[in-house]
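Residue numbers (the numbering used here), protein chains in the order written: chain W, 7 to 430; chain V, 7 to 430.
Derived by calculation from the structure, the hints in this document are not laboratory data.
You may find that some hints are simply not true.
No copy is singled out in the list; a pair is fine if it fits within one copy or between any two copies.
To be verified - Only pairs whose alpha carbons sit at most 30 Å apart, straight line, appear in this in silico DSS-like list of lysine-lysine:
hint, residue 1, residue 2
1, K94, K120
2, K120, K110
3, K94, K110
4, K294, K216
5, K302, K292
6, K12, K216
2 protein chains.
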Amino acid sequence: MVSNIKSYMAELGSKARLASRKMASASTEQKNQTLFAIAKHLELQTEALLVANQKDMQAGVEKGLDAALLDRLELNPARIDSMIEGLKQVASLSDPIGEVNGMKYMPSGIQVGKMRVPLGVIGIIYESRPNVTIDAASLCLKSGNATILRGGSEALHSNQAIAACIYTGFEETGMPSDAVQVVNTTDREAVGELITMPEFVDVIIPRGGKGLIERISRDARVPVIKHLDGICHVYVDDRGDLEKAIKVAFNAKTQRYGTCCTMETLLVNEAIAADLLPNLAKLYAKEKVELRGCPKTTGILAGAGFDVVAATEEDWSTEYLAPVLSIKCVADMEEAIVHINQYGSHHTDSIITEDYTRSRQFITEVDSSSVMVNTSTRFADGFEYGLGAEIGISTDKIHVRGPVGLEGLTSEKYVVLGDGHIRQ
Amino acid sequence: MVSNIKSYMAELGSKARLASRKMASASTEQKNQTLFAIAKHLELQTEALLVANQKDMQAGVEKGLDAALLDRLELNPARIDSMIEGLKQVASLSDPIGEVNGMKYMPSGIQVGKMRVPLGVIGIIYESRPNVTIDAASLCLKSGNATILRGGSEALHSNQAIAACIYTGFEETGMPSDAVQVVNTTDREAVGELITMPEFVDVIIPRGGKGLIERISRDARVPVIKHLDGICHVYVDDRGDLEKAIKVAFNAKTQRYGTCCTMETLLVNEAIAADLLPNLAKLYAKEKVELRGCPKTTGILAGAGFDVVAATEEDWSTEYLAPVLSIKCVADMEEAIVHINQYGSHHTDSIITEDYTRSRQFITEVDSSSVMVNTSTRFADGFEYGLGAEIGISTDKIHVRGPVGLEGLTSEKYVVLGDGHIRQ
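Given the sequences, and given the hints that come with them, work out the whole structure.
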């Protein structure tokens, strides 16, 4: 293991910086071949990966990790296959790097456009799931970046075994093997160093719980692309189609409970609440979704024989990630928009309406990374949006917002062509 | 003046946040009318502006500000006219907000695109020149943002007089007058507060010396769009056209000395150094540009009768902003690229070559916000790049890089349209 964390991290950083220069001019073919080589070595090393993971699993059991954490930590042949598939899929994506856009002649005679370039060195900090090592490495590789990966301490052996496959893949194709480095220590100080080396690291992407992300954002001296919480809303307008409303509101809550784009609060125009809510409550009851309502909601639902908890002020800003839903009746769309902008997390919000003008107003005025009309919030996802991959969902406005694919890991530079042009 | 800085800044912040919501849905016409109204009030209040500026100028003289600072501080009728022209020009730019791009149908049937939206609240911290108040306010206004402006203490009266015109302009058109607020205190604590209120401020743009910007970047708890130094290079390749090389190298150094895109180091392929350098030195001598050379350069130029100082290691990373130029001979383009990436500031660098393959390689491998071929570095400017305006030049890679126009003050959100679509 590592004795001096500060110098160890600085060494990783300076190696990553050097590798990033080579990565920036790697050809699409070189990058794809490396992705395939890594896939091959994951396949060849399946046995070694399972053995390494077994060590982590045993230690996890001894440490008393709960079943959910152990499940996330586990590697099995199916999960290794899916990492291999992921690598092949990233290879099939088109290369964002080097694309030149908007080349135009200016009045002075120079020609100006923008070329897409890598960010440089990306630091990724994540928790237990070892497959993130491959996900993150492959996206950074394809986008021409170098990366330093800091996985959870409980997955150290698994991550190091995966790192060995990555290393061998790079070696085999003659690409800079320092372009992907996995931090080989569980010391927490390593994270502190990683997020405070602007000379070596251009951006940090934390993946994990809100606590982790808030801590990193607070302490980082490097830009952070972050995802905080997802308090998502569906607003059913009085000009909404009730059938669509029921379909969408049911799907947005129950298709999966634990994702950031799951609906947490349903807003209902009071003019249609009595029609809509009992129908919906019947469906939610089948799935054992606990309902917490405003006084009007509880009135309507209690009258129809449903059991509803009274929502507190705290409910409107709670991300349940569970079979729980808060429901509020509003007088009109304006009240819904004010509620969403105030209590939501600017993640994903949807309106159910057939009204043209209201749909436009909702899209304009709701300040969220995804604004939807007549669509389940569960679609807020890089794959569903056609990005081909996703390294996370940004709840920031700076640099990149919403699902982050390859393009979010890039920047642009100006390219200026002349013929001896001078400024007058 | 202000007694409790912390609560004063929080009040500005919360007003700005509220105003930003209204600004985000203001129409293009409302924004343009406000720009014209402000222009009208600047014209009507010319006398008051000059009187306020006179107070600042007198205080500046008493404080012993140097001539250059006093010149930057001064307002006169011509400068007020140019602020008025600036406002009209920003009104004539097309509105970036609300533009929807890339609306595409996905396999699931949903339609996904991106809409350009304001960032929210922008904090701008700048030094003596009061015209920045109008520049910054007009660009933030047109891009639908609210802004908090913190000008230099020496320009307080001028900035407050300009702020009064802006305020009246907003009032007159019924737009939220808190959308532009000028901090009314010279207390330094105000800056400290402004850069640590992520709940109220989305991004900070500092404009000023490197010291100011480094301090702000270090202490900010909010993303910073920053411009550090401009150590720009021209590399004359041995396959370059000598006539173009002389024109560009002369212009890049002498057209203006004090700008960030002025060339500070000239790199010359040693195969053509003996041909090129004496011709160039003759031109630089006429303009009294001091030359500092590597041993080969001093050898060639001393032999041709020119007086050249020996460059030290420090020269290669110095932004002179003055009639001083460092010159280095290099063996080939690769050495030039390594030098630029190591000693430069990733701002603007140009190659003079007629070689197709080298031009492509230089563009790909030089890691700068503007990379040029056969063009003077002096073109690196928002107006020359057709942005129509410029709030600064970013030397960052995150969010925006190079000259920053209206688009750099915006973000994008996903717009998703469906017809009752649910996730399977």
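Hints, verified against the model:
no.: 1; hint: K94 to K120; result: both (29 Å within a copy, 28 Å between copies)
no.: 2; hint: K120 to K110; result: both (10 Å within a copy, 23 Å between copies)
no.: 3; hint: K94 to K110; result: between (36 Å within a copy, 25 Å between copies)
no.: 4; hint: K294 to K216; result: within (26 Å within a copy, 60 Å between copies)
no.: 5; hint: K302 to K292; result: within (22 Å within a copy, 84 Å between copies)
no.: 6; hint: K12 to K216; result: both (26 Å within a copy, 28 Å between copies)
Checked against the numbered hints given earlier, this structure breaks none of them.
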